[in-house]
Amino acid sequence: MRMIRLSVLLLSVSIVACSQPPATGIASARPARLRIGFQAIPNAELIAKQLGWQEQTLGVPIEWRQFENGRDVNTAIAAGSLDLGLVGSSGGATGLAQGLPYSVIAIHDVIGESEALAVRPAIHGVADLRGKKLAAPFGATTHYSLLQLLEANRIEAKDVTLIDLAPSDILAAWIRGDIDGAYVWQPTLQRLYDAGATRLTSSADMAQRGVATFDIAVASRELTTKYPDVVVAYLRNLSRAVTLYRDDQPKALDALAKELGVSVAQARMQATGLIWLTAEEQLAPAYFGQPGQPGALADALKKTADFLVAQHVIRAAPELATFQRGADATFLQRAGNASR
Amino acid sequence: MSPSRGRLPAPILTLITLVVLLLTWQLIAASGRVPAYFVPTPVRTWLAFTDLVARGYRGHSLLEHLGASLLRVLVAFLGSALIGIPLGLGIGASRRLAAMINPLIEFYRPLPPLAYYTLLVIWLGIGDASKIALLLLAGLPPVVIATASAVRGVRSDYVHGARSLGATRAQVFRHVILPASLPEIFTGLRVSIGFTYTTLVAAEMVAGVNGVGWMVLDASKFLQSDVIFVGIILMGVTGLGLDAAMRLIESWAVPWRGKV
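Residue numbers (the numbering used here), protein chains in the order written: chain G, 3 to 342; chain V, 3 to 262.
It is worth saying that the hints were derived from the structure and are not from the lab.
Among the hints, a few may not be true.
Here are the computed distance ranges between Cβ atoms for each label pair [stated by the list, open to error]:
(1) R259/V / A34/G: 55 to 63 Å
(2) E158/G / A38/V: 24 to 32 Å
(3) M102/V / H126/G: 50 to 58 Å
(4) I234/V / N339/G: 43 to 51 Å
(5) G129/V / E65/G: 34 to 42 Å
(6) L25/V / R223/G: 25 to 33 Å
Being a predicted model, the structure only gives us computed values, none of them experimental.
Heads up, the beta-carbon is just placed ideally off N, CA and C, and yes, glycines get one too.
Next comes chain G alone, as it looks inside the complex (with noise of 0.2 Å):
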């Protein structure tokens, strides 16, 4: 068992050796390996993945595990498990409310129409949701929307019921009737009009209100110290996977509709209702800002997590200036210049 053990690494350190350098490859030091944790959200992560592009230009092995929600990113990354991983706004406020050893890195894509509160057509405005049985999955960022929403019309916790519930059951629990509403994203959201529900509000009209939720990208402390170039290097392709939609959309989305495991009109379908954003375009003031002038993604995860101590959510949240810290726009600038 051992002698094969020992050809195996002897195999794969000669095969390793013999392999060429890759052309856009990092010339500094690089990890054993790189473990990305990535969710079924239509965004430029899964073209890149799809297309291989980690694999090629990083030169090292990647990991790729699926997740379901950000608590489990987040627990992940606090074990120490997951170099790299995708989070809601709201799980990167908790996260760095909480002190979890993670800068984030990039905005993965601003969320739009493709999260909504879907509800029965017999409810035509919030104040009709008094009294009412709606689901979200706490602690996502359809569950802070929803709680926004309501706080903005004043409707208290105790006037409706909120039920957590993960997406693939929200479905079920529409079906049998025994909700009123869910706020969720896609896919999940389009089965809901499907089966007769009517968008109330989305995160784009939440946008527009002060309320943005986002997807973003974080990176464990032990990677963005010891190997800063590959963090680099992984923004890059991500912005790459942008460009290439825009440029060829055809090829984009075909990529993205193989790994999402839909039609490629589906994709497109769930594409639209989030902003996707380039290296440079990321560093406006509206989100990072350039190092040293905080943008206002940071604002957005300290009021993230202010309402979330407003709420009873978590018990409290740290200063301004911890998720300017904690928002590090370093990579994304070196890694729009670099893409120039």
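Take the given structure of chain G and dock chain V to it, following the hints.
Coordinates of chain V only, in the frame set by chain G:
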């Protein structure tokens, strides 16, 4: 010299274990090497507990959470007993019934409850019915199997003795088989309530609005380790309480345990 010189009585030993555990916990948590989301200090956990007592969790008081969970467990447990004991008696007494029912129970017994939970939710909805059904299904097999085995294990000379003295089948059942089986049935019931209780968190995973299991799951979404600790300790203590209650009922209902 007393033979127990230098030996400590059992309660003191238990106390020592607890104190050592608490001290180790405090040392690890206060060392500053592990972040609070890994291990909250005992003090912080206590504060979380008092906070939960004072303010509740997500709009329900701690007692409501505990009560909701206990109600689900007890209703499911009573259901398992009401279905499981007659079924087990039947299976133990009749080979034909055993041949009909046993395969079903043997098939679903080892299934992880989460595997079929979604089906229960689709069939019964997201309310308490699906949760109780899941708990009931988890608690049923130990009762059925223990009862059936108890009936089969009744010493045949007891039965023959009663029959030769002129007892009817019903009398044999009522006065021989049932009392002789009760100790093992109670063992089955204790195992059953344990199974039911260990499935609680899974049952409260879908569509939770209350319950200690749901509280722990919800707290984990926000890395509230202190609440998780409180929830786990509460569930542990409650579990011990349930088992103690079962033993009490057993000693009252089956005083002849170990004497037949």
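*What are the numbers of the hints that this structure violates, sorted from low to high?*
Violated hints: none at all, because every hint is consistent with the structure.
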